[in-house]
Amino acid sequence: MSADTADAAAPDRDYEALGLVAGLEIHQQLDTETKLFCACPTEAREPEAATERFVRYLHPTRSELGEIDEAALEESRVRRRFEYLAYDATCLVEADEEPPHRVDDEAMETALQVAALLGMEPVDQVHVMRKIVVDGSNTSGFQRTMQIARDGAIETDAGEVRVADLMLEEESARRIEDDEDGVTYGLDRLGVPLVEIGTEPDISTPEGARAAAERIGMLLRSTGTVKRGLGTIRQDVNVSVERGARVEVKGVQSLEDIDDIVRTEADRQVALADIAGELRARDAAVGEPTDATDVFEDTDSDLLRGALGDDGVVRAVRLAGFDGLVGREIAPDRRLGTELSDHAKRHGAGGIFHTDELPAYGTTDEEVAALREAVDADPADAVALVAAGESTAEVAIEAVADRARAAVEGVPEETRGANEDGTTRYLRPLPGAARMYPETDVPPVDPDPGDVETPELLTERVDRYVDEHGLDSDLAEQVAYGERMPLYERAVERGVEPTTAAGVLESTLTELRRDGVAVDRLTDEHLLDTFDSLADGDLPRAVERVVERNAEQVDTEGMGAFSALMGEAMGELRGKADGEVVSDALRAAIRERS
Amino acid sequence: MTAETDGAPSTPAPGDRVRVERDGTTFEGVLLPSTTAETFVVKQDDGYNVGVDREAATVEVLEAGVYAVDVDGEAAGSAVEVDDDLPTVALISTGGTIASTVDYRTGAVTARFDAEDVLRAVPDLAGRANYRGRVVANILSENMEPSIWQDLARAVAEEVREGADGVVVMHGTDTMQYSAAAFSFMLDTPVPVVFTGSQRSADRPSSDNVMNAVCAVEAATADCAEVLVCMHATTSDDRCALHRGSRARKSHTSRRDAFETVGRAPLGYVDYDDETVTFRREHRERGTVDLACAPDLEPEVELLKFTPGMDIARLEAMADREGLVIEGTGLGHVHTDLVPVVEDLVDGGTTVVMTSQCVEGRVCDRVYDTGRDLLAAGVIEGEDMLPETATVKLMWTLENAEDPAAAMRRPVAGEITDRSVPWL
Chain P
1 MSADTADAAA
11 PDRDYEALGL
21 VAGLEIHQQL
31 DTETKLFCAC
41 PTEAREPEAA
51 TERFVRYLHP
61 TRSELGEIDE
71 AALEESRVRR
81 RFEYLAYDAT
91 CLVEADEEPP
101 HRVDDEAMET
111 ALQVAALLGM
121 EPVDQVHVMR
131 KIVVDGSNTS
141 GFQRTMQIAR
151 DGAIETDAGE
161 VRVADLMLEE
171 ESARRIEDDE
181 DGVTYGLDRL
191 GVPLVEIGTE
201 PDISTPEGAR
211 AAAERIGMLL
221 RSTGTVKRGL
231 GTIRQDVNVS
241 VERGARVEVK
251 GVQSLEDIDD
261 IVRTEADRQV
271 ALADIAGELR
281 ARDAAVGEPT
291 DATDVFEDTD
301 SDLLRGALGD
311 DGVVRAVRLA
321 GFDGLVGREI
331 APDRRLGTEL
341 SDHAKRHGAG
351 GIFHTDELPA
361 YGTTDEEVAA
371 LREAVDADPA
381 DAVALVAAGE
391 STAEVAIEAV
401 ADRARAAVEG
411 VPEETRGANE
421 DGTTRYLRPL
431 PGAARMYPET
441 DVPPVDPDPG
451 DVETPELLTE
461 RVDRYVDEHG
471 LDSDLAEQVA
481 YGERMPLYER
491 AVERGVEPTT
501 AAGVLESTLT
511 ELRRDGVAVD
521 RLTDEHLLDT
531 FDSLADGDLP
541 RAVERVVERN
551 AEQVDTEGMG
561 AFSALMGEAM
571 GELRGKADGE
581 VVSDALRAAI
591 RERS
Chain B
1 MTAETDGAPS
11 TPAPGDRVRV
21 ERDGTTFEGV
31 LLPSTTAETF
41 VVKQDDGYNV
51 GVDREAATVE
61 VLEAGVYAVD
71 VDGEAAGSAV
81 EVDDDLPTVA
91 LISTGGTIAS
101 TVDYRTGAVT
111 ARFDAEDVLR
121 AVPDLAGRAN
131 YRGRVVANIL
141 SENMEPSIWQ
151 DLARAVAEEV
161 REGADGVVVM
171 HGTDTMQYSA
181 AAFSFMLDTP
191 VPVVFTGSQR
201 SADRPSSDNV
211 MNAVCAVEAA
221 TADCAEVLVC
231 MHATTSDDRC
241 ALHRGSRARK
251 SHTSRRDAFE
261 TVGRAPLGYV
271 DYDDETVTFR
281 REHRERGTVD
291 LACAPDLEPE
301 VELLKFTPGM
311 DIARLEAMAD
321 REGLVIEGTG
331 LGHVHTDLVP
341 VVEDLVDGGT
351 TVVMTSQCVE
361 GRVCDRVYDT
371 GRDLLAAGVI
381 EGEDMLPETA
391 TVKLMWTLEN
401 AEDPAAAMRR
411 PVAGEITDRS
421 VPWL
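Here the protein sequences line up with chains P and B, keeping their order. The first sequence: position 573 = 573 (my numbering), numbered continuously. The second sequence: position 141 = 141 (my numbering), numbered continuously.
Example chain P residues on the side facing chain B (calculated, C-beta under 10 Å, incomplete):
{"id": "1", "residue": "Arg81"}
{"id": "2", "residue": "His127"}
{"id": "3", "residue": "Val128"}
{"id": "4", "residue": "Arg130"}
{"id": "5", "residue": "Ser140"}
{"id": "6", "residue": "Met436"}
{"id": "7", "residue": "Pro438"}
{"id": "8", "residue": "Asp446"}
No lab work stands behind these hints, which were simulated from the structure alone. Ideal Cβ placement from N, Cα and C applies to all residues, glycine included.
Isolated chain B, as found in the complex (with noise of 0.2 Å):
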């Protein structure tokens, strides 16, 4: 409905000063922009949203443009100093709500993502160390694609090339673990990689995101040169957990501690209280290797569940894939049916690699007739490789080793170990 004033019609905006009139009923307050076209939904001035019905309501614009709603996020710039006595760490962000701010007049939730914005974001971040900040993408992590994995381990070799002594990767929960895995293969790195994130959003008092950073940036001046995941170790503001990049999953959908190393402890801790780092078990020390980044990878590599009653078409599908990885059953079998298709897929050309449902635990396809068979099909063992990390493996093994058959089954950056010890 289009409101009268002063004789001329105006269409009331998001971000007028309203007041909207319904039987009798009236509403005063910052029209803001709605979901559905049959309600208008008022920001009131005690701070409460309603919605009134389009139809049944008049509207008057008190004050047109009060509010700009579509706010870009510039705010007032805040001069970072710099200490030389401080190690320099490099934030990179790919586009994760760990700094985003919240607008309470409009209720719009802002993702900031450079390093003041950050550093404005998390306070507690400052004097820990000199931050170089940089964005590589500013994406949803479910919507993570292969070639920003490799603009991302471009700029984070850049970043270490020009002094940085540690890297903190600020990414989405949902597809950490395989940026993280995909970093632990492109890069040889001298200093820390650090992937961090939050599982509730930043713009609440609740969120895990400042003891996050704050964790990542001591793990990312600890003496280490590995790639790894900081997330919180329990549901309580304690302590992060260190997880090898490539041992790290996802869990669990929603809780703070959703991250876990399969098969093993944690490599190490961040105690949040007295902000020391420790390690649990050997790992590379800082600057015991050079700089390298091999950032090639083969895209055509997908990972296939199996599970019983699969269409065998979904299967025959794969044959034009260069690398396939498949989630079997238990120690790593399939349907028997389906091996004479697994058979005709490695006989044409795709690189076929076995991995578990379980997710714990090790394949072994020389126990059952079934894996007998597979491996005569020539399906590579996955060993105790993760499913998505054995498929990131998959596509970097194809562009970056001789015999990619041969790297599958040779542990590269911890992601295969010789021992199942789970107790270490």
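Bound conformation, chain P alone (with noise of 0.2 Å):
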């Protein structure tokens, strides 16, 4: 690692001295009993349950002056095949085979209610729109969205975050398989209802937007009526530092990692924006791409070998006064290079090779040399190039060409993948505004915010635990924000002791699955029979105690006591037990006493 590095990963950075502006964008799955747009179940299919599959193509639709969306346009320059699997959990809507229904009114009414807890004010009448989408993931070419709600705000400990809107839409079909005859899509998630929440860019620091994304989280969660697990909830963080670009980073799967992903884009953008300093300080430029084939015609390297192929080429850029920048880490593990690579990879080439990086591969000094004057290369230039079939090799050299260039003015706007190591990749431009026109098909909805119900907040609840059913706080937390939140409840109301049912929905249960219990199979409904039979076991005990409690009344009236006792017997059991089984035993205990 170089200085230059350890500088990067500067774990103690003021990121609101560097001018760090972030904003969020989460998207949820609600987990409603149907679909948006439909009747169907909102649950998740095999692949291999597929009942029907059909093939489609999708055509871009011109506007009213004739022209065509460009990024509908790219999209379907190569006529793409879609193919689509059909479930017992999907009809003919998501088939794009019958016109969609009227919207749910358990999404509606979700989605107000997330509005009122972000204090949003909803809109007068929601119009459903449809925003065109050509990449196959919805099987109409666009996605039904509608603005329910503006202008609300969070508090967080780093301070008050406003948020600007609030959508209720479907989800995209899930995508199975990719390849070149196209892609296959099911059709289980199509219509799913989705609430996108966009905030303002009010965040200064990596913490303030884990912050606000936990927040955020915590209020979805607090309805009740949102999926858990992996892919029901996806972050989108847009990032820029004062000498950087909006960047935005998609696909943020884990709340955990959203600090980590914003301080490691500030990060990249601070090491981009010193690094076309220096660039701009030596004069760099970026050269036209010539051939530089002949220079590795006999060459040892395997790996060029393998990305020529057969009739392939190398076509290589000089890079002027870039010599030990193309090298430099910007990111753990990333570096200039890594950027440049990505372009070439987005144009077909499987990556690039640079000069701060040979000889290695089994290229020779021979070989860098040669590469070198074959571009008219100075030592204080870097020389990039791609290895591929000639029309490949044609346009990604240019793509990393242009990526050079963009390096010596900064940081591009751009949008950015999330990677599973808290580094971002190179997607795609930002995208234009996206087309919309409205879907006719679906009578605009008049709201009622006054028939929602503000759901009880899971800090409320965190609290509600601790006081009122004695959990510790650790536990009432755990439980509160778990996904067997509801069977909690559900157990403590039929009389399980509170911090009973909480040991075996989050110890026990854990405990098992550590030792390869299939604890996934178990059911609501098979825990909920596990807690009545814990109840049974109590039941002698709790007569027993009733009794004792009550020992001069049953010494003195015998079997005449029984009906006072009951009552108390039935409260002590707070009605989790059987009336018969619990006066038979009752009866028991006084007949044993008298």
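Assemble the dimeric complex from its two separately framed chains, guided by the hints.
Below, the structure written as structure tokens:
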């Protein structure tokens, strides 16, 4: 690791001083009975369970001026074949073979609940829109979406974050397979209601981003109507630092990753800005790509040979003044060269080689020298090359050159994808204004916020579990935020001791899972039955306690005390036991005593 | 509510760029025409439309008329080039939505009708033929009238006379089967006349219009001389079925493969991937008949569906009609109490044809007493004709046949088959 990279990874950076500005966009699937525009369940299916397959193509549609949306055109230039899997859980609406039904009431109600929790004002009339999407993930070629509310705010430890808007929209189809023939999608996920929450760029620290996401996540889960598990919540983060540019990082799967992602992205922008400063100081420039196939005619590099194939070519570009900077780390294990490589990959190449890392991969000093000579590179210059089939190499090296030119300017605005290790990768340019037009098949909805009950917040729930259920605060939080919270509530309602219920749901099940027991197969009903049998074991002891407490009355009145004690015994068992069973046990206990 | 700008009152109008304030929330965008008096509909800059309560809002016009909402659909013309090596196909529009476009700013969907518009909307049609476009009607297909069939048939005949190698009629799907049936009787054509449309509106990327239009043009240039309906064969974008115009029926309200040939497999298919047209059965070949057009129709013809409990007066009311097609039950029956009424109708000069609401199968009124009584009353058995086709045929035979009753029993355009072979 060089001195530069040690600096880039500095943990105690003052991000506010760097002018960090971040905003969030959170997409959360709702756990409603039915989908947003049809009566199908919101359940996932395995591809093997498909009952029907069909094939479609999408065509870009023209605007009133006869123009086609550029993004749509780009996407459809190659005629892409989309295959769809239909299931018992899907109908003709998902197949785009039946008009959408009306907006699902439960989804609308949940969205209004979320709006209330975020302090937002619902619009007077909700209009469903079609947002053109031609990647096949929507059978119709558009996603149905509607703006529900505007102008809210949440409080976090790091200050207030304004919430710009709340949308209710349909989830896209699940991508199952992607090969040269086309893409296969499962329709089970298509149409599952999704709320999208967009914040204003009010966040100024990585911790602040996480705090805001956590707060929104908590509010969402407080509704009790959100899906849980992998892929059910997706977080996008918009990040920029003062010397950087607006970058949209898409698809942050885990809440815990948000601060890392923001930190790494801010660091990356700072590192790129530093590199740009240095490049400008060196009068750096990017040349025109040229052919360097001859240089590697007899190379021993297996990697290059593999990339070249049978009749591949090498295209190289002189990066004047870039020496030593292409290999500089800008994020953990990612260099400026990695960014160049991302652009080459997006245009079909396997990646790039550059002089900051050569000779390596079986290339020789002589080859590197010949490469420099082929593009007229000085020792202060770097050279990047792409080895691939001719047409691929042509466009890929152009993309590399363009990205290198941008590096001299500074940080490019772009859309990036979140990697699992907290770094990000280039995906595509920032999207243009989305093209939308009304979904005329669905009438507008006049929302009635007066009908919406504001749910108990999970934070309030934690307090209640501590105060009323006697759980310790860690366990209370674990239960309240856990997936089995509704089950815990039901168990306690049935009279199970709160600590017992919490212990079983949070500790016992986890331990069993660690021991390799397939606890995922346990349904709520299985667990409730278990709780009931636990309660049965409690019964004789509870009856015993009641008789003990009222020993005097039992001694004097005998069976005459039964009626008075029956109520008390039921109370002791909090109604969790069957009346007849309690009555039998109580009679037996009294008889024994008298 | 009216906004004040520079002291002068101005009423915000659709197409104005406005700022709408409501309880501290600001909506900025283009004002759209709203469907109710209570709300303003604003298209915001992010593309989302919202409705804002008129009473509770204040509106400021930022810029008047930034956008002409009532766009008349005029677009820049594109020269259609002629290639002498290609066949000529006449595209005739009746107002179906097969080639409509959408205005993303207002959200309005504009229907496109002439040949150039169709080509602009469906660029995949280019290079398959030279096109001649013609708008005969501009209606929703539920508003179709027999008089328009006459105009359409004359237009098609004219196109063929002027050298069209095939005709594609772009038609709404609701009544396409009636129009196709009417053409089957009115026209003797030496070239294919192919009806097509779309079940999904053309403004959506998933519309079936592209594949249907492409396949219809392929069929129109094929070696065939029949009136056909060309629509999706399955829910997939893989091939279109070619249905004989006199035996086609729309059997689903929304599916792409809504059309079927009743009682038979389709006459042929057009494969979308390799663009080949194949026929499964004997069909009339290109050029084997001379062009003839017999467009006269008797409009006083009704189709009446018999149901249990039907008011006898409904049948009696048919006395002043020239023709009546009954959609009877099973093999071709009505309540026995109605038989004398039918007899009165026939005696009064109304031609009465019996078909079946089973749709599939052949009418046979010789099996049961009710049927025999109906025959005795003068009812004409509709054989295996579709009720809708029989209705259209009756309109035609009443004007064009010397003996309409005999003509109704005789196949004219494949509407009656001799053999019931649904597996073929």
